[in-house]
Amino acid sequence: MSQESGHYYVPAPSGWPIVGSTALLFMAFGAALTMNKMELGYGLLAVGFAILIYMLFGWFGTVARESESGKFNAAVDRSFRWGMGWFILTEVMFFAAFFGALFYMRVFSLPWLGDADHSLLWPDFVAEWPTAGPGTHEQFTPMGAWGLPAINTLLLLTSGVTCTLAHWALQAGKRESLKMWLLATIFLGVLFLGLQIYEYGHAYADLNLKLTSGAYGSTFFMLTGFHGFHVTLGAIMLTVIYFRCAAGHFTPEKHFGFEGVAWYWHFVDVVWLGLFIFVYLM
Amino acid sequence: MTDFKPAEYKGHSGLKYLRIKSRLKSVKISNHVGGYMSSKLVGLAGVSALALYSSMAVGSKYNFPEPQSIIAREIYDQHIWLMWICLVIFIGVFGVMFYSILKHRKSLGYKAANFHHSTSVEVVWTVIPCLILIVMAYPATKTVIAMKDTSQPDISIKVTGYQWMWGYDYLHGEGEGVSFFSKLSTPKAQIENREPKGEHYLLEVDNRLVVPVGKKVRIILTANDVIHAWWVPALGIKQDAIPGFIRDTWFTADNPGIYRGQCAELCGKDHGYMPIVVEVLEADAYSQWVAAQQGELKAAAVQATADAEKEFTIDELITKGEQVYAAACAACHQPNGQGIPGAFAALDGSELVNGPVSAHIGIVVKGKTGTAMTPFGHLSDVDLAAVITYERNAWSNKTGDVVQPSEISQFRN
Amino acid sequence: MAAVQDHGHSHGHDDHHPTGIMRWITTTNHKDIGTMYLWFSFAMFLVGGTLAMGIRAELYQPGIQILEPELFNQFTTLHGLIMVFGAIMPAFVGFANWQVPMMIGAPDMAFARMNNWSFWLLPVAATLLVVSFFVPGGAAAGGWTFYPPLSTQGGLGVDMMIFAVHILGASSIMGSINIITTILNMRAPGMTMMKMPLFVWTWLITAYLLVLVMPVLAGVVTMLLTDRHFGTSFFNAAGGGDPVLFQHIFWFFGHPEVYIMILPSFGIISEVIPAFSRKPLFGYSSMVYATASIAILSCFVWAHHMFTAGMPVTGQLFFMYATMLIAVPTGVKVFNWTATMWRGSMTFETPMLFSIGFIFLFVIGGFSGVICAIVPIDIQVQDTYYVIAHFHYVLVSGSLFAIFAGIYYWLPKWTGRMYNETLGKWHFWLSMVFFNITFFVQHFLGLAGMPRRIPDYALQFADFNMISSLGAFGFGLTQLFFLYIVINCIRSGEKAPQKPWEGATTLEWTALPTPAPYHSFETPPVVK
Ligand code: HEA
Ligand code: HEA
Ligand code: CUA
Ligand SMILES: [Cu+2]
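Chains as they are written, first to last, in the numbering used here: chain U, 1042 to 1323; chain W, 723 to 1135; chain P, 102 to 629.
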């Protein structure tokens, strides 16, 4: 804790939060109705989504303006760092729940289902990972590790490097190479997503591997799916940052907006490594 | 929930108890303390609610029912023992606190001291609770290990939880092959307060689980739909029944008698209405019971093969179907077939029920995953044929269709 | 560090903000937000309490009287969910909002605008929960723990509950990140970590627990959702999953959750006891370490809720020992409070009464917790009214009593007016008596074999249930009386001096006028 000059910036009353809440209210009702195949569902969902986008633009736009008009002193900047750091921890825990499910199934429940006692219920079941479970008869082929997934690993790792290069460029005040490396990062991220979508198509079309393919299908698609979703978010945030850079935002000394997104991108990277090892390789 | 007359209960002085007393040193202490301290405690009971609790612990109403198996007894004794430990700590802590509250008040002109820590005191009151915990954990550990030892049973019974009844299959040992369902037998009129409630209100079933006294019984649990839990307090066992998985537990009943329990895991609407009644018989009586059951089973099997071939008339099926419906389906779909909107589908006027027979058989035999409509394939072909025929011709449904048991067995294959 | 509130283009230090309803909707002021949290929490307490009254009314006599079994289950489920997520947790966040900045000498919360959103997500979630009663099929009925496969069976109401939980989780995560950042980053000069008031410490640790476990809850309800609608098999044996997996993940959240609901209470009690004993808190640093130990241990004990689910024997023993260990740091706290009172110069205003009531009853609840932790005994009491008694002793006479203590303690600072001491004492004694009538007998019910979550019961349970119901009605009415006391205080209480409590030592009393000004520390105080 230090005494510094300047004021800790407390934003003025703002309407954005309530707009966000309204969006979630619509989205929650919309999603619940849609999933139960009831009327109005899609409509509410779409309205909610639109409001959410509006809110995100408005809110982040406000923050960017505040940042650029120099309202954030060093203390505020530190708050942002703490905040982003703990936010990433919550994301880690979210993924931990799904990884936990995967480990639990493979280490505990699957062997139980195949043991002598359980032959009373599932007489012919052989407990072997990957599995679609004792009650499913449809066959599928698990996803191999060394094709697209390995390429994807390379892509993401490279994008981590380009992201850091962009950061260095920003610190050195080289705006042109900053933009170039940022673009490269975004491009790699999008390419990753494209290949991921292609891989899903391949899984459904050729491997008969689906979300409904029992324990393997559930964990495979939920883990990679949520990861893909995070990559998408990361790519969108990078794009925003790109445009902010193009508009001349950030200085070599102060650029938390950039750094926060970079942290996020590295986090997405690390999760992928976990996925590659535990979902694809093992 | 045990059937016994309170007057007959001799507490811990009974001979049986002496036999197992040596098992747990702690138990000896607890009862010792319990013996000579309880009179002194009468005075303290007013001060501390917990004391009241403990001193009343001997009467069944305030404590576990009289234990009827070794495990139940260990549980019972450990509980009493823990109550004493807690009571002592409680009196210690609140003795000090209430002394302070009475004496160290501003209104008495007491001036505050200014001390605010003391490492040695703090270490002491960290270490002592640790020691107390070890004393608590030691007997518990032994019991846990004993509880988990389901090896070498005399009799194994598979227990299946259904929404909302229990299925019993005798797998090994005397009685092998016996199999039946067990459902609440309290009439609806009592539940709805239209009739006075009977003595064993909600704790009575049509078919009791019968076991011999003094034999190790292994209970193998699973469930058909959602999680249930099989619990008989007097025998000291409770175990969840998990759909798709097997769990097991065991007991050896010490005395003949009737022991009652209930499902102990929320399993939907009628969770409160799936009691368990275990009847413990002497060895001969048990053998007789088994013989009778196996006789019935044979007769039923003969009947079933005959029925499978037989062509029933629509009236026969409807009469039978109405009974099956009341027993198996009405809980959800309601006697009038209207269901409960949003939760349980109406069968009266249902498109599916009035549509092709095969779909109807399909949903009843196979269920519909992700809904409360679980498979009813455990019912016999005749029952299924009857209930489906009934549904297709009851209320405003007038398809006139007849479904024969042979169609069900065809569908199954 | 000083602060500036941004008022569009005019930089000023006046209390300039929109008025009327827009003030509350758009506010970024930690006190306004704290106030909203507290009122929201009280409203939810009334809703959850009304559901409890429904439960107790149905259980007044054997037989089905007013609630059909399905509806009864919905009442139980929503009572648990609303009390936990709607009443107790938001109340503590309300306290944190009001008190943390004032107690550490900060101008406001670190993320003032996000703070507003944390609050305004709650009404959305509450709407989802309450409206779900009126949709086809009704509300979720699988218990507040919504174990599958039972909760895969329900209808629209279950999905609304799932989304409500997502939104509540988001709110808690934002709230706790805000609190952590505020505490770590915005303390006044000289306010070192080990000088922070204990309330701030307990909230810091609570916030860490929230950050760790709320996302896990979000994960598990997401799996439930995909199992329900998208054909995954996380909790379905036929697909290779396991219903018990849900329980593991849920309780990995759920157990720390119960400490999330008690640690801030410990903080409040640790402020009130020294203030009314006129003596510094005994063992400050051991209090901090004990709180941290409880939080850490709480992440390794979850399966004590699953002793009857069937676990390998090593698992049962591990979780039994770990659970029992929590008694040690909790004991340290109890002993420290006692030592604080020892040779103090005590007075017994309402906050102090509630604090003593808290310690007394919480220890009973703690003991029944330890008894539950002993696996063989838990085999008998699991899913019975014994457990219901256990956790109402730690939640109602624990969390809720601490909330009452805190409200009476800080109400003068918040409103500038004193509450009526006589009425406050009545509130305490009535609560104390009725609470025990309601819940003490439930121990006996549980031991004698009454399962929980049942709408109807065997005859031998009739007398205790009737007593419990009568107690509950009394307890409920007493809480309406509390509402009256608060309104009375706000409207016509006597003016409060800056420091109405002789023994209070924290910044909000020593460095700020009463009522606390809209912006507290625009220039930070210096703590020596
Ligand atoms: C505020 C909430 C809160 C708190 C603080 C606690 C505290 C504790 N709880 Fe409780 N618990 C719940 C809320 C809480 N619980 C809820 C909501 C449920 C049910 C959930 C559901 O199923 O719906 C539950 C259920 C529950 C169970 C599962 C019961 C079952 O379903 O079968 C168990 C089992 O171990 C347990 C144990 C404990 C223990 C050991 C503590 C300990 O932390 C207590 C420690 C305190 C003390 C021990 C007293 C003070 C100590 C001393 C004076 C020192 C000396 C003491 C000794 C040496 C013993 N709790
Ligand atoms: C978190 C805090 C919390 C709080 C504060 C309470 C408060 C109360 N609880 Fe609850 N309870 C839980 C958490 C809590 N509970 C949980 C987690 C469960 C488990 C759920 C499950 O099994 O899934 C549970 C379950 C539970 C049960 C078991 C239900 C069952 O198993 O079927 C019962 C039964 O007696 C009960 C009773 C009460 C009562 C009487 C109160 C009282 O303290 C409430 C008093 C408050 C009021 C009454 C409101 C104010 C007054 C009015 C609105 C006016 C109307 C008043 C009258 C008509 C008199 N609770
Ligand atoms: Cu079966 Cu509860
Ligand atoms: Cu717990």
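Worth double-checking, as some hints may not be accurate.
Said to hold, decoys possible - Straight-line alpha carbon distances no greater than 25 Å define the calculated DSS-like cross-link-like pairs of lysine-lysine that follow:
1) 1042/W to 1120/W
2) 1295/U to 1215/U
3) 828/W to 526/P
4) 910/W to 870/W
5) 600/P to 828/W
6) 1078/U to 1088/W
Hint data in this document are derived by calculation from the structure and do not stem from the laboratory. What you are looking at is a predicted structure, and each value in this text was computed from that prediction instead of being measured.
Outcome of the hint check:
1. With a CA separation close to 17 Å, the supplied pair residue 1042/W and residue 1120/W stays within the 25 Å bound.
2. Restraint check for residue 1295/U and residue 1215/U: the C-alpha separation of about 14 Å stays at or below 25 Å, so the hint holds.
3. With a C-alpha separation of about 18 Å, the suggested pairing of residue 828/W with residue 526/P holds against the 25 Å cut-off.
4. Restraint check for residue 910/W and residue 870/W: not satisfied, since their Cα atoms lie roughly 39 Å apart, outside the 25 Å limit.
5. Taken as a hint, the residue 600/P and residue 828/W pair is honoured in the structure, with Cα atoms around 18 Å apart against an allowance of 25 Å.
6. Between residue 1078/U and residue 1088/W, the direct Cα distance comes to roughly 23 Å. Compliance with the 25 Å bound is thereby established for this hinted pair.
The structure shown violates just one earlier hint, number 4.
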